[in-house]
Amino acid sequence: MKKVITGNHAVSYGALLSRVEVIAAYPITPQTQVVELLSEFCAEGKLKAKFVKVESEHSAMATCIGASAAGARAFTATSAQGLALMHELLHWAAGGRLPIVLANINRAMAPGWSIWTDQNDSLSQRDTGWMQIYCESNQEVLDSVIQGYKIAEQVYIPLMLVLDAFVLSHTSEIVDIPSQEQVDRYLPPFKPKYKLDVNDPHAFGGLLGPDHYMEIRYLLQKDMERAMEITKKADIEFKEIFGRSYGVIEAYKCEDAEIIMVTSGTVTSTARTVIDKLRERDKRVGLLKIRMFRPFPSKDIKNVLLKAKKVLVVDRNISYGLGGIFFEEIKSVLYYEDKHIPIFGFITGLGGRDVTPNILEEMIEYVETHDKPEEPILWKGVKL
Amino acid sequence: MIEIRFHGRGGQGTVIASEILAEALAIEGNYVQVFPQFGVERRGAPVTAFLRIDNKPIYLRCSIYTPDHIVVLDPVLIETIGITEGLKKGGWIIINSFKNPEDFKNFSDFKVATVDASSIAIKYNLGSRIAPIVNTAILGAFAKVTGMTKLETIERAMKDYIPINLEGNIKAAREAYKEVKMG
Numbered sequence: 001m002k003k004v005i006t007g008n009h010a011v012s013y014g015a016l017l018s019r020v021e022v023i024a025a026y027p028i029t030p031q032t033q034v035v036e037l038l039s040e041f042c043a044e045g046k047l048k049a050k051f052v053k054v055e056s057e058h059s060a061m062a063t064c065i066g067a068s069a070a071g072a073r074a075f076t077a078t079s080a081q082g083l084a085l086m087h088e089l090l091h092w093a094a095g096g097r098l099p100i101v102l103a104n105i106n107r108a109m110a111p112g113w114s115i116w117t118d119q120n121d122s123l124s125q126r127d128t129g130w131m132q133i134y135c136e137s138n139q140e141v142l143d144s145v146i147q148g149y150k151i152a153e154q155v156y157i158p159l160m161l162v163l164d165a166f167v168l169s170h171t172s173e174i175v176d177i178p179s180q181e182q183v184d185r186y187l188p189p190f191k192p193k194y195k196l197d198v199n200d201p202h203a204f205g206g207l208l209g210p211d212h213y214m215e216i217r218y219l220l221q222k223d224m225e226r227a228m229e230i231t232k233k234a235d236i237e238f239k240e241i242f243g244r245s246y247g248v249i250e251a252y253k254c255e256d257a258e259i260i261m262v263t264s265g266t267v268t269s270t271a272r273t274v275i276d277k278l279r280e281r282d283k284r285v286g287l288l289k290i291r292m293f294r295p296f297p298s299k300d301i302k303n304v305l306l307k308a309k310k311v312l313v314v315d316r317n318i319s320y321g322l323g324g325i326f327f328e329e330i331k332s333v334l335y336y337e338d339k340h341i342p343i344f345g346f347i348t349g350l351g352g353r354d355v356t357p358n359i360l361e362e363m364i365e366y367v368e369t370h371d372k373p374e375e376p377i378l379w380k381g382v383k384l
Numbered sequence: 001m002i003e004i005r006f007h008g009r010g011g012q013g014t015v016i017a018s019e020i021l022a023e024a025l026a027i028e029g030n031y032v033q034v035f036p037q038f039g040v041e042r043r044g045a046p047v048t049a050f051l052r053i054d055n056k057p058i059y060l061r062c063s064i065y066t067p068d069h070i071v072v073l074d075p076v077l078i079e080t081i082g083i084t085e086g087l088k089k090g091g092w093i094i095i096n097s098f099k100n101p102e103d104f105k106n107f108s109d110f111k112v113a114t115v116d117a118s119s120i121a122i123k124y125n126l127g128s129r130i131a132p133i134v135n136t137a138i139l140g141a142f143a144k145v146t147g148m149t150k151l152e153t154i155e156r157a158m159k160d161y162i163p164i165n166l167e168g169n170i171k172a173a174r175e176a177y178k179e180v181k182m183g
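First to last, the protein sequences are chains P and X.
Mapping the first sequence onto our numbering, position 100 (from 1) lands on 100, and the numbers just tick up by one.
Mapping the second sequence onto our numbering, position 138 (from 1) lands on 138, and the numbers just tick up by one.
Here chain P stands alone, though its shape is the one from the complex (with noise of 0.2 Å):
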């Protein structure tokens, strides 16, 4: 069925159609239209789950880790602060190993105190062992929600779905939403292997000396390996049922690329636009959208890039001290290759400051006009 819905309500429609059974959250700006259809459709009987108030997104993320741990298919959103307020906890729910979905609504993180879009708050949980997925689109938010649950219970790694604020959570657009019956035959219900059970008790999360504690992160580094290409085969049978595929990464036009742009977000929607325009012009260029962020894509990444003679990497995000966090991922992945790349690194549209087709081409109008970066990190759009 097809309707004009916000990015934000694709993700709860994603969680009804997923038959969560645990969704624990806390509202924030611009995360709140989430729940507050997830608690529309759970007051309706529409989606037979436990909707837990909480008094934090701390105890929103508890919650969820005591659902999955009882075996539980649990769910939770939110954004900035909120998600930053939890970081203690998503450790615990990636060590623990269970396999929750959050959608995280890319916000700037305070102060000064923002309510709009950019990468810092998700990418500062890069290290505490989720998945990340970012999305384009409120049609790939919706199917990311769906096949979070698909990844994230074959591995038993929790997984975080992240999309621009406003951009995706308040802009409506057509969504094409599937039937219960597609997805059931997609989902299968959240069996995990081992769960807290009264009637076969286990301990969760205890005590882990110094001769054992290594090799459960090795593990989980092994299952994060192998997380990427679980994830290709899970966006392969979602074709299959729903026509629809997104990769691990999309090259669009890059197969006779001199220039290569690598966005995520929906800075890579508009970007679409501004390669269409310069190959009307003729000009060789071509876009790389990172899709998946965790476990990064090294090899799929490199296979496209190592065809380019530049690369352009586009972030809207920032690691004090050094730059674009994608920007540094990026040059780390060729690093080892015998062809030398120059790669210049853009930062612009912090703080939800509008990232215009211009913006765009003007960045690939400088990697033209130079052989390699004047400065490690080029500014776009700063008014100072």
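Be aware that a few hints might be false.
List of simulated lysine-lysine pairs, BS3-like, C-alpha gap at most 25 Å [as the list claims (entries may be wrong)]:
| # | chain 1 | residue 1 | chain 2 | residue 2 |
| --- | --- | --- | --- | --- |
| 1 | X | 159 | P | 46 |
| 2 | X | 56 | P | 3 |
| 3 | P | 253 | P | 191 |
| 4 | P | 277 | X | 181 |
| 5 | X | 111 | X | 159 |
| 6 | X | 56 | P | 253 |
| 7 | X | 105 | X | 88 |
| 8 | P | 2 | X | 89 |
| 9 | P | 253 | P | 331 |
| 10 | P | 239 | P | 195 |
| 11 | P | 277 | P | 46 |
| 12 | P | 309 | P | 283 |
| 13 | X | 150 | P | 3 |
| 14 | X | 56 | P | 239 |
| 15 | X | 56 | P | 283 |
| 16 | X | 88 | P | 2 |
| 17 | X | 89 | X | 181 |
| 18 | P | 2 | X | 99 |
| 19 | P | 3 | X | 181 |
| 20 | X | 88 | P | 277 |
Counterexamples of contact, computed for chain X against chain P with all Cβ distances above 10 Å [stated by the list, open to error]:
| # | residue |
| --- | --- |
| 21 | 10 |
| 22 | 22 |
| 23 | 26 |
| 24 | 33 |
| 25 | 61 |
| 26 | 86 |
| 27 | 88 |
| 28 | 89 |
| 29 | 90 |
| 30 | 100 |
| 31 | 107 |
| 32 | 125 |
| 33 | 167 |
| 34 | 174 |
| 35 | 183 |
Chain X side only, calculated, beta carbon under 10 Å to chain P, not exhaustive [to be verified]:
| # | residue |
| --- | --- |
| 36 | 19 |
| 37 | 25 |
| 38 | 27 |
| 39 | 35 |
| 40 | 59 |
Hint data in this document are derived by calculation from the structure and do not stem from the laboratory.
A virtual CB, placed ideally from N, CA and C, is assigned to each residue, including glycine.
Based on the hints, put chain X in the right spot on chain P.
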């Protein structure tokens, strides 16, 4: 691609108007993208909403700077903010006003249409006398002026968005469709 900007005040139903119109255009087979001015909305404060329409998928995800048409739900805004900013020459300005289009002399680069949506809304008990909800009436005028969507499709699209007095809203849209004056 056609881009439309809505100007209103918190409480008039500006954002809902943009969403109902998007739904109607989608029903008629168009691709749509609709969003409010990104920020915090308050009753009585100026509200802006944006709508993109195309016959192919819309990838542009930035604000709208040069709209093709403008819809003004509160005529007082004309005196307080630059409502025509970026408006393309020859574009429609559809204003909720009891005045005639030719009374708006500053808009000679554009086409003006007026409809007394406030009186129509009050007549059908939409909102209060002091703060009528004019969004459905203005959509009726929009359908007539631009011809971009049928009035019946707007009525159909309203059903998901109007929790009470749907009948009154439909009548308001129909009356505005009939009464709108085009300059």
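Structure-based check of all given hints:
no. : hint             : verdict
1   : X:159 with P:46  : holds (20 Å)
2   : X:56 with P:3    : holds (16 Å)
3   : P:253 with P:191 : violated (41 Å)
4   : P:277 with X:181 : violated (40 Å)
5   : X:111 with X:159 : violated (31 Å)
6   : X:56 with P:253  : holds (19 Å)
7   : X:105 with X:88  : holds (17 Å)
8   : P:2 with X:89    : violated (35 Å)
9   : P:253 with P:331 : holds (21 Å)
10  : P:239 with P:195 : violated (31 Å)
11  : P:277 with P:46  : violated (45 Å)
12  : P:309 with P:283 : holds (13 Å)
13  : X:150 with P:3   : holds (19 Å)
14  : X:56 with P:239  : holds (22 Å)
15  : X:56 with P:283  : holds (23 Å)
16  : X:88 with P:2    : violated (32 Å)
17  : X:89 with X:181  : holds (20 Å)
18  : P:2 with X:99    : violated (40 Å)
19  : P:3 with X:181   : violated (33 Å)
20  : X:88 with P:277  : holds (21 Å)
21  : 10               : holds (15 Å)
22  : 22               : violated (5 Å)
23  : 26               : violated (5 Å)
24  : 33               : violated (5 Å)
25  : 61               : violated (5 Å)
26  : 86               : holds (13 Å)
27  : 88               : holds (17 Å)
28  : 89               : holds (21 Å)
29  : 90               : holds (24 Å)
30  : 100              : holds (34 Å)
31  : 107              : holds (27 Å)
32  : 125              : holds (26 Å)
33  : 167              : holds (23 Å)
34  : 174              : holds (23 Å)
35  : 183              : holds (31 Å)
36  : 19               : holds (6 Å)
37  : 25               : holds (9 Å)
38  : 27               : holds (9 Å)
39  : 35               : holds (4 Å)
40  : 59               : holds (5 Å)
In summary, the structure is inconsistent with hints 3, 4, 5, 8, 10, 11, 16, 18, 19, 22, 23, 24 and 25 from the numbered list given earlier, while agreeing with the others.
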